[in-house]
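Asker: Starting from the given sequences, assemble the full structure and let the hints guide the process.
In case you want the letters, here they are:
2 protein chains.
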Amino acid sequence: MKNRIQMTDISPVVDGGRFAAKATTSDVVEVSAVLFREGHDKVAGAVRHRPPGGDGWRELPMAARPQDRFEARFVPDEVGAWEFQVLGWTDHWASWLDGLVKKHQAGVADLSLEFEEGALLLERHAAGDDVPAEQVSRLERAAATLRDDAVPVHQRVDAARAGDLRQVLVAHPDRRDLTTSPTFTLWVDRDRAGFSAWYEMFPRSVGSDGRTSGTFKTAQSRLGEIAAMGFDVLYLPPIHPIGHAHRKGPNNTLIAGPDDPGVPWAIGSEAGGHTAVHPDLGTLEDFDDFVAAAGEAGLEVALDFAIQCSPDHPWVTEHPEWFRHRADGSIAYAENPPKKYQDIYPIDFDTEDIDGLCEELKGVLEFWIDRGIRIFRVDNPHTKALPFWEWVIDEIHQTDPGVLFLAEAFTRPAMMRQLAKLGFSQSYTYFTWRNTKHELTEYVTELAHTDSADYYRPNFWPNTPDILHEYLQSGSPAAFKVRVALAALLSPNYGMYSGYELLEHVPVRPGSEEYLDSEKYAYRPRDFHVDHSIAPFIARLNELRHSHRVLLGDLRNVWFHGIENDQLLAFSKTAVPADVDGVAGDAVPGRRMPDGPVPLDRLVVIANLDPHHAQEGMTALDMWQLGMDGVDAPYDVHDLLTGHTWTWQGPRNYVRLDPSAGEPVHVFHLRPHL
Amino acid sequence: MKNRIQMTDISPVVDGGRFAAKATTSDVVEVSAVLFREGHDKVAGAVRHRPPGGDGWRELPMAARPQDRFEARFVPDEVGAWEFQVLGWTDHWASWLDGLVKKHQAGVADLSLEFEEGALLLERHAAGDDVPAEQVSRLERAAATLRDDAVPVHQRVDAARAGDLRQVLVAHPDRRDLTTSPTFTLWVDRDRAGFSAWYEMFPRSVGSDGRTSGTFKTAQSRLGEIAAMGFDVLYLPPIHPIGHAHRKGPNNTLIAGPDDPGVPWAIGSEAGGHTAVHPDLGTLEDFDDFVAAAGEAGLEVALDFAIQCSPDHPWVTEHPEWFRHRADGSIAYAENPPKKYQDIYPIDFDTEDIDGLCEELKGVLEFWIDRGIRIFRVDNPHTKALPFWEWVIDEIHQTDPGVLFLAEAFTRPAMMRQLAKLGFSQSYTYFTWRNTKHELTEYVTELAHTDSADYYRPNFWPNTPDILHEYLQSGSPAAFKVRVALAALLSPNYGMYSGYELLEHVPVRPGSEEYLDSEKYAYRPRDFHVDHSIAPFIARLNELRHSHRVLLGDLRNVWFHGIENDQLLAFSKTAVPADVDGVAGDAVPGRRMPDGPVPLDRLVVIANLDPHHAQEGMTALDMWQLGMDGVDAPYDVHDLLTGHTWTWQGPRNYVRLDPSAGEPVHVFHLRPHL
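Chains as they are written, first to last, in the numbering used here: chain A, 15 to 688; chain B, 15 to 688.
In case anyone wonders, no lab produced these hints; they're calculated from the structure.
A hint or two may mislead.
To be verified - Only some residues are given here: those of chain A computed to face chain B with a beta carbon under 10 Å:
1. Pro26
2. Lys116
3. Lys117
4. Glu131
5. Pro401
6. His543
7. Asp545
Glycine included, each C-beta is placed from N, C-alpha and C at the ideal position.
Answerer: In structure tokens, the structure reads:
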């Protein structure tokens, strides 16, 4: 009769514990489980957790919720692999007390047997090992009162219910029939993993005249403006030497001219491979200076980790065994039949020297980590052996658990999810292709309100060097504003690729998502100081992200509301007061639960998805989800973008957004009238 | 780089393999998994399974479905614990062939290197251990053709795609990088577990004059009529001696008169306990005769297994340690404070002699199994220690895997599900309290279309001796007909308690779900030959259940359809042709899948949930789910209850059901015009 307490639905647990759930050091982690046993006896639960390398468990009581669910919350305030367990046991004292009180309330006259049994419970517990010496007398005193016929019955009942007695018994429970769950792992990242605004930039374009390369030195000129826009992470495509063999020309033409710089992802030349910088950009010291200057501006530099080689990469001659050889002895280049990518040699993870290869790749990461880089955007991880990622991320984390990895996979859902399970800190998403109200609602709801939120941290990008979505190709400023506002306000992690603020929108040809004169194949110097730049709009979004906790750290606090127009999208983000031991006054991201408190802060975003026409409609707000229980009470909505304020009442209110006059998005701060 | 193939979402798997999924010997079991790997290479999958005690695996190829899903189906045609695994590997040949065909179709002129590599693939595989000697030459011949420059290119491409070559490679695949899932258990019951109609009867009432007991002999008189109604299982409440101490009188009064028979669940007297029969009912030999007579009539007898004792039970004196003793030395009776059940002593699963107790309880089951009983309805299993159930069901199944257990738990959802996971073959449900369209749709959808369908087999009861639902208390024949029709047609397992066919509907008091003059406390002789009996209606339902495969064995083939009236409920049951090796022409229960075939048989049930008024409305049938792709094509609907036929067209058709004229339910057999 071991494990009498049944435990199911323990959360956050990924694939039964095969993988770690994720959190950051400022997240409020809610552990929940369904605990029950046979019969009518009451069950109690606790969570115990320990930090990375910790030698002792810390225990938290779980609160009972409806339907046998128990919950506890804590903030894992240290980076690394935390562990937790759920404990369950029969609460004999509470079961006894419940019966006593019911009988007393029903007017049962003789409770002496009940009192005797309660006293015995206390005495037995006091005699055990679980109660510290200084508390034993409290239990013994209570037992004596229960037995004391001179004390009136109602006073003995009150003595049994005394708060301080309860406190002792909660702190030192009687758990003869303790059931303990397996130990689960919670991987805790630094906060940057959960909240980041990325800006992607090719340094070679900054300071270029279009024919010669910009450098790490010239690129420093952009740092102040990028930081002023409020970005946190500056992501650089590969900075390594670029191969000559089969180098691509402008607009992906097959023949490059002598001045064409080539594709940064065709890594490696006589000047070096993955641990070298392109001589045109400067030296490693120049790189260090750039990283330091970025850091001073408030930008953390992220590098690209692209496991592939140009035919001129040093590994091709030093380690030909790391590449797949064809029947004629040639090295296999990348193909997607009938397309050929002769400038790229994929690495062969079926190589006999898999150990040597893995060590070398890990060494590449360590090389840059030693130079202060702690974020890697990983190129096409879904075309590399997945066991490698699980191994290398774990290896790197052994030494520096603060290193972050963003998975650049745009492929089928199972692979996207698996990469996150295997250890990637953040993941690209389908956001770029989700443009309608229905698409956005479905997709964001899936990311926010299914189990994937336990391990998959989405990073929303309205554009990338590979993706200029048709939605943006009209060049409408409203389109660009709406898409970046959705990215920045829906997802705690988002990013954009340089030029977006300038409304760059011309595709290489109709129907293509490639940019005309793509920076992937050419220098692309830009004048950022033009009137049509939406940099101030983006700066305001990032300012809101930093000043409103509800936009921090967790996608789970998003909630979609009705609005009677298919071109208008309405969603809210709310934060509720924390119910966490030692985190007084903090905020808990998270969907409002039936027994949850009233939100501390509420934003309602309404976006016009039609960049060409004014759209109007009546809202159908979920007032309960907003914590606005009086459905008829008036409240102010203050637009944080324009500064306008309206007084609204109840769920139904009129909204009109005209892309030709004003912003295409409202970001309303709700202010209930007091 | 082991386990290169990623495997997720393997089904049917319960709690990661902690518990067994369930099937019956006539179920078509669909094993599915999401299998994928990095890059563009193709993945192949297989399921291997073995019967109970089998020494060899049988392997089935899995078919590829969208989104990396793979499926295989088989019929586990033997009772007991089956095992299965999912296998995944890279299909190098298919990957190569795909590239070849794409290049050929794109007009690539020189394919000699591709042909050489294909030939090498075949030769390497032929040289391995996986290909039987007689097939090696087929591979070598294909390799030679691929290399033969004298053969035109298109013929070499055709040779690579040849069906017989593919057959050899599918039967004997090249799986150097085989990944194997853990081994999962599938518990296979005899068919009765998946398809049964239960009739509950107190033998003591049959042949009673109201003051003296009927017997096993007199109760035989009912067997023919029960069998004629089409029931499969005859369930008897406890048949054991009934205690005298604190015996309850009629209508649960505290004092029994000298002729009051007491509650059958107060088990045990000087005449014996759980392995005795009540002397009033006859002898063990009379019981055996009754079981034999039932069997001859086509009825399998199910007994009640109620682990509790009257104070007069022999165990109370022989094994006082099996009961909980209070502080004053008395044995604790059952309580739900402030209610007392002094006629019942619960068993104490915290007894020191837990081993002796468990063996004795198992012995009770074995005693009745030895007398030919193989179905037990278990009384209140959720008040007994759950580890006991897991142990005892497994122990019994070691000897006789055909023994079935029905869990009579009406409690919270987690407990209901857990009992099913621990081994119960069937489970009572909330059906009795789900009466509205919304309630029925939500609840049946949950049972049919969530993971619980893998292990939880619902048994729907419109009434029990404890539950006369308010819905029935008007006594309307339409109410009784609708509820039994829903039970019988929605769920493959259902049951009813004697008297239902006579429309017994008077509660002990207003607001109570207890019957007036409940048979639990008194003899209740009945005249079954009255005009208002709905026995013929019930007989017709059971006849339909036996003659339409779509009503067999699995709840998963239910699908709710729209109908524009909240009092009308519409659902269908369909069967699609089996895609199972060796099960040609059979039928697969199951919701229609996007790539599924057209159903072989289709029933559409439309019920008027309002027993007092005529209701009418337009249907909104999901024609695709019905496999009726031509939405405008006419088809006949033939009512299997009344014999009427109408011609319908498309999804929208008029329905009117009048409880005062005709049946309150249509059971339509759909017949598309050819």
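Asker: Now tell me, hint by hint, if it's right for this structure.
Answerer: The hints, checked one at a time:
For the restraint placing proline 26 (chain A) at the interface with chain B, the shortest Cβ-Cβ distance is roughly 15 Å, beyond the 10 Å limit, so the hint is violated. Interface restraint check for lysine 116 (chain A): the shortest CB-CB distance to chain B comes to about 4 Å, inside 10 Å, so the restraint holds. Taking 10 Å as the C-beta cut-off, the interface hint given for lysine 117 (chain A) holds, the closest approach to chain B being about 5 Å. Nearest Cβ of chain B to the Cβ of glutamate 131 (chain A): about 5 Å, under the 10 Å cut. The hint holds.
Interface hint status for proline 401 (chain A): upheld, as the beta-carbon distance to the closest one in chain B is roughly 5 Å, under 10 Å. Taken as an interface hint, histidine 543 (chain A) does not check out: its beta carbon lies about 44 Å from the nearest beta carbon of chain B, beyond 10 Å. The beta carbon of aspartate 545 (chain A) is not positioned within 10 Å of any beta carbon in chain B (closest approach about 46 Å), and the interface hint is therefore violated.
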